[in-house]
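Undergrad: Now for the letters of each chain:
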Amino acid sequence: MRYKLGTLVACLLTLVATAAHAQERTIRGTVIDSVSAQPVSAPNIVVKGTQIGVLGEEDGTFVLRGVPAGPVTLVVSRIGYRSREVRVPAGQNNVTVKLYTDYLQVEELVVTGKATAVSRQNLANAVSTVNGAQMNEVPQETVDKALVGKVPGALISSNSGAPGGGLQIQLRGVSSINSSAEPLIVLDGQILSNEAVPSDANAITSASGGQNASNQDNPVNRIADINPQDIESIEVLKGASAAALYGGKASNGVIIITTKHGEAGKPSLRMSGHLGTYDLSNKIGARRFTSAQEAEDAHTGLGDVYTANNGQYFDHEQELAGHNYLSWQGSASLSGGTQDTRYFGSLLAKKDKGIIQNTGFEKESGRVNLTQQFGDIFNLTLNTNLIRSWSNRGLTNNDNSQTSYYMVLAATPSFVPLTDAQGNYIPNVSQGNLSNPLQTAALLQNDENVWHLLGSTNAELDPVSNENHSLKFVFNGGADWFNQTNDVFSPPSIFFEPSDGLPGTEVLSKSDNLALTAQLNGVYKYTPTSGAFTATTSAGASYSTHDLRIDRTISQNLNGGLRKIDAGTQIAVFQNRTQVQDFGFYLQEEFLTMGERLLVTGAVRGDQSGANGDPAKVYYYPKAAASFRFPDLGSFIDEVKLRAAFGQTGNEPQAQQKFTTLGVTNNIQGIQGFTLPGNVGDAAIKPERQTEFEGGADITAFQGRATLSLTGYVQTISDLILQRRVAPSTGFTNEFFNGGKMRTWGGEASLGVTPIATGGFNWVSRTNFSFNRSRVTELPVPAFIPSNAGFGTSLGAFYIQEDHSATQIVGTAGKNPDGSQRLVTLGNSNPDFEMSFSNDFRFLDFRLHALADWRTGQSVVNLTQLLYDAAGNSPDYLPPDPNNLRPVTECFPDCSGLERLLGFAVDGYARGYTQSASFFKLREVSLSYELPASARRSLFGGVFRTVRFTASGRNLLTVTPYKGLDPEVSNFGNQQVGRNIDVAPYPPSRSFWFGVDLGF
Amino acid sequence: MRHSILGRASRVLAVAALVGLAACKGLETPNYNGGDLGALQNSPDRASLAAAVQGLQIGHRGYQSGELGVVSALGVLGRESYVLDVADPRFVNELLQGPLNAGGFGAGLWAAPYSNIRLANIVLDGVASVGTDQMTDGEKAATVGFVKTIQALDFLVVVETRWDNCDGSLGCPIDVGTDVDQGPAPAATKDEVFAHIKQLLDDADQELQAAASAGAGFPFDLSSGFDGFDTPADFDMANRAIAARVDVYTDAWSDALTALSQSFVDSAATFDLGIYDVYGTGSGDATNGLYQPSDDPNIRANPFDSLAVQYQTSGDPDARYMRKIREITQRSFSGPGSHIGFDMYTSLDAPIPIIRNEELILLRAEANIGLGNLDLARQDINWVRTQSGNLPPIATAFANHDEALDALLYEKHYSLLFEGGHRWIDLRHYGLLTDPNYAPQGSAYPNESYMNTQYPIPLDEQNARQ
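Which chain is which? The protein sequence lines are A and B, in order.
Counting from 1, one number per residue, gives the positions in the first sequence under the working numbering.
Counting from 1, one number per residue, gives the positions in the second sequence under the working numbering.
Hints were generated in silico from the structure; no laboratory data involved.
Errors might be hidden in some of the hints.
[As the list claims (entries may be wrong)] Listed next, the stretches of chain B that the computed footprint assigns to chain A, with coverage defined by at least 3 CB atoms under 8 Å from CB atoms of chain A:
{"id": "1", "stretch": "91–102"}
{"id": "2", "stretch": "193–199"}
[As the list claims (entries may be wrong)] Here are the simulated distance ranges between beta carbons:
{"id": "3", "chain 1": "A", "residue 1": "L633", "chain 2": "B", "residue 2": "E28", "range": "52 to 62 Å"}
{"id": "4", "chain 1": "A", "residue 1": "R775", "chain 2": "B", "residue 2": "Q182", "range": "29 to 39 Å"}
{"id": "5", "chain 1": "B", "residue 1": "T313", "chain 2": "A", "residue 2": "D420", "range": "47 to 57 Å"}
{"id": "6", "chain 1": "A", "residue 1": "N816", "chain 2": "B", "residue 2": "D266", "range": "52 to 62 Å"}
{"id": "7", "chain 1": "B", "residue 1": "L307", "chain 2": "A", "residue 2": "R288", "range": "42 to 52 Å"}
{"id": "8", "chain 1": "A", "residue 1": "T290", "chain 2": "B", "residue 2": "L307", "range": "27 to 37 Å"}
{"id": "9", "chain 1": "B", "residue 1": "Q262", "chain 2": "A", "residue 2": "T665", "range": "34 to 44 Å"}
{"id": "10", "chain 1": "A", "residue 1": "N816", "chain 2": "B", "residue 2": "S314", "range": "48 to 58 Å"}
Just so it is clear, CB atoms sit at the ideal spot from N, CA and C, and this is done for glycine as well.
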């Protein structure tokens, strides 16, 4: 977040102007871009060591009155440029100042408190910032997708290839085992409800048994609703040392999103349109049968089908997911204002059509942000955003009903046709329930409609502001409301529908979410007249509440096949409501001294939460940090900063973890009864506590053209909220409790260079590197498989074990000498490291951007392949030598399907299905051309300020040894532990775009 | 101007402070999603105890149906049925081929009965603690009698699925208590569990008789599965029937005959007389997952069922086979294949027997075989054989025990086909699980001659007890 210093400074100036003395002079000047020589609009000019300053004009000119008669030094600054000091001798009253673009954001202001910020050059934590331009290189459906590869230490992974959201952001690795996996997202001061409410496609897939919704439904996180183009900047606080002020919600890190608020100046209207398409980027393939006998041997009774179709190979994956529909995005924004009133408004409409029929993601968003300055001391900001989004993700992931697309494809031999000669869908003769995924995709509706309204206000009062003292109060309050309707309709005409005896299923879910946040902050800043230090004291309190209600109705056996929940004969209803209230307060001191070289920060946060066993108990989270700058270290190195920080955060229990809830929804022929739940709550549950030590160095060299940031950290997470498996003979299966410790550690490096910056050719390169390791150091219970972490050790599952990584994947490996099952570690879902490379080239009016992402060492439990193997349909099913089957431990990773299957099924080795999922992905490529001013004028007159054409693509290339569809996958959605389980996911795609951007 | 802004600001501050104070006081939010276990345990009353007893009926039927329920899973183990579910090859690789993985399948048939056992203990504690204003002594006796009988059924599933593993170092716990924070109960052996089941049934018998003599009824509702057995006196006959089954399983032949004499066994009555787990299609009710009307269902009969069948004089197969088996589309998966399915449980609300008259008649025959009364046994066998199977009676006396047992096991196979794992339990009882005359030994899939004798103690139980 960058402060709008301009307005502030300008206001202060009017105050001091009256105190001007007689021996003054006036300096006039112009500020221009060092490369283009174009004016830099609205620059800030301050006489160093004084409060004398002015905000320049749109055309870069300024008039600075009241300047002392002697020689002075002007500090000239502008967001996006490095600030510059210019010496003006006594006699000179006209200057031209060149500013150098701050390609690497050396100088931005970074929020460090709830209402305070420090310059990046003093920052004592490794806080990563991504600005709006970096977010929107390539059209993105969602904000989280746009962040991939841009923040070192943030592992952002898709759960599937489905259009729209459903991504997990893991900051500095795993930080819990059973509690929330979501970072705290703060949007313009408000906590964003990043809920992922499942569709309840589970009523059809039975993935988790029963009819109620499951996290196997491939849900969308509601951050998907935010328009990436509204974003001014995103700051990522990755660990406890940076995020301690967010206390009990911050163990997974904090993502602070600031939207655009317009700048003083002429109105700026921008419009852009993009057209594109998505394209299936990987297929599993299927076994090719060479004779009717081979077909009959593998699929009894289907030899005749082989013969009838002349042994034809049908590419069912292509038929299902080979669609290239037209996708589009149109947007407009208007911003501008005066010094007192600023505004930003935007509209967005987009439609992303998925590669499977009927699937897709749509979003319409409108935002209005208004900022009004009242007099000198009061500033009011109003932000409103209304979004409608829609998605349809078809029927994917695990099932127990032979309905999910890839579950059926895995069992459908390649010689079985799914369409007749006329292209009509025909029953799938290889399936007991006749399920034909092509027909399912054509007829099944899985609509998710969301109305999302975000509103917040920020009121800032500056009653005192002079050279020595400033006092500021900031009130921030707002609401995040969304209403989500999931309407899953499986008409009776779908081939599989009659097989349960109840043709036609309609599942209607209504979710209503309201989150409110109110906070008040006070900031007192003291600078003695000597200027020896600046002490900033801030304190504040906040209250937030979050209430999510979900009502679901499942109706089967639909009269006349109507899409109506009251048209069925068998109706089940489910209701779930969780509400949490939190109260917190903090006190922080920031002390900047030694010529702004040393920054020392100390703070403490206290939190109460209704989710804790004792809602009245206050949990305290301290932090301390220091940084020291060594400027001017020789000719190449501009500056070296050393920093160290310590902090604690918590991870509050989830809303229901303190309760042991008796089942009340069951009846037997209308006779109601209580049933015991599987899970026992912990009435004394408390937050997990993360303690982090972070240290690092930031080096700036070559006049800001090279930056290197190195960070190392160690985190200890204690009081882990564990859901342990209890002895089922107690009558329960799980129990929540606090216990155990985990340590994580890692490093991050970020190198930014501008190797070339001439008028005609610019090259900016950023390279990020990060790694993270975890170890369970104390586990007061026996090793266990967390819930949603696999399908048993015989297939490969996550396993929480003392002195092992929290994200290890273990599996069976035959028997121990005593006959018991032997378990071995097969892999880890956490990569050894992630590296990303971003390069921007600007040549004359052309610009090329490329972002690549490389992760290595992580594994995925590939159960999709198991399903293909079990049905004898995997493309590599037949072993090279049928008379010499190799044990899976010998042939891995190049086993045939049969060898993998026998290894699992007969020998009891899970080895074959936990596979390397290292990958290199070319995430973003865009090439743009901006019409030169002369051509613009001759073509369009003076209508446009900018005209730009862009061709871009996303995920154009993936290199991986992984044999499944996509190495980024999670059948169970966002999970701290338990990602990387591949069960019939939505297949991956690449996208191509062509766009036009117009500025008026 | 300045002043008024300050004034407004102070009001904002005041509001914020109030919000903060309010927040401090009432951060607690209720549990919106269900009942409270603490309330049931700490302040039980007539209504909550009734709801819990009704919950026991829901709990018991909860693990009978479905592909992994008692009927289907034990059916696969006893080679009565196959589950060819392409979504889960473990039905073949583990249930059929073995070995069973402690970490995966089968844990449900341990956790679900123990959940019910725990709930039953909570009810028993509650009944003991409530005053007579809530329940009369007669009603208390009736409740205890019913609850202990259901608890015996739950323990029976535990011991029958784990069998010799109960005698291992882990064992099968009995004293699971009611305190949530208490650790796992001490292990018990197979014999101890059987003894405990017998004790529960005998206690229940006493309580039910006491209730009957006090003229009390059940202070809770019973599903239609207990029609005809819905008074303590009538339910006591079901209790004795279950006791007879347990006696037969433990070779207590005389006790079995005594218990049978007090049960509802009746050659003159319909074979289907008995108690049942029932299902329904109403909201909140559960449907019978064994209902698979498709011509190509996952749950299939084992082809062995057709190979072992005897024939009526008309040349048709055994009438029981005719009633219970239908032709379906041939399908194989991961090796095994089958062309026959079950023509049982033909609706979503089809009941599953808990125990019924046909079994009792055969239990009487079995007890008589155990006692060497082969002719008495032959009478009962022939009754079932002719009346249920429409087969010619066995005219000549059994030459010896084994011949009689062989005849009995045939009748039990088809009379109780796919009704609760009777085949598997009986073959194991007599050490015949791997005898090719009783279980198929083909080569349709690897390891076909291997038979799972019992489920392992679940991994979670092992881990929790380490």
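Undergrad: Evaluate each hint against the coordinates.
TA: Quick rundown of the hints versus the structure:
Check on the stretch 91–102 of chain B: 7 of its residues sit with their Cβ under 8 Å from a Cβ of chain A, so the three-residue criterion for coverage holds. Given a C-beta distance limit of less than 8 Å, the hint that chain A covers the stretch 193–199 of chain B is violated, as 0 residues qualify and 3 are needed. Checking the proposed 52 to 62 Å range against L633/A and E28/B shows it holds: the Cβ atoms sit about 57 Å from each other. Restraint check, R775/A to Q182/B: a C-beta distance of roughly 31 Å satisfies the suggested window 29 to 39 Å.
Roughly 49 Å separates the CB atoms of T313/B and D420/A, a value that falls within the hinted 47 to 57 Å. Between N816/A and D266/B the C-beta distance comes to about 53 Å, which sits within the given range of 52 to 62 Å. At about 36 Å, the CB distance of L307/B to R288/A disagrees with the hint of 42 to 52 Å. T290/A and L307/B have their C-beta atoms about 34 Å apart, which keeps the hinted 27 to 37 Å range intact.
The hinted window of 34 to 44 Å between Q262/B and T665/A holds, with their beta carbons roughly 38 Å apart. In this structure, N816/A and S314/B meet the distance hint of 48 to 58 Å, their C-beta atoms being roughly 57 Å apart.
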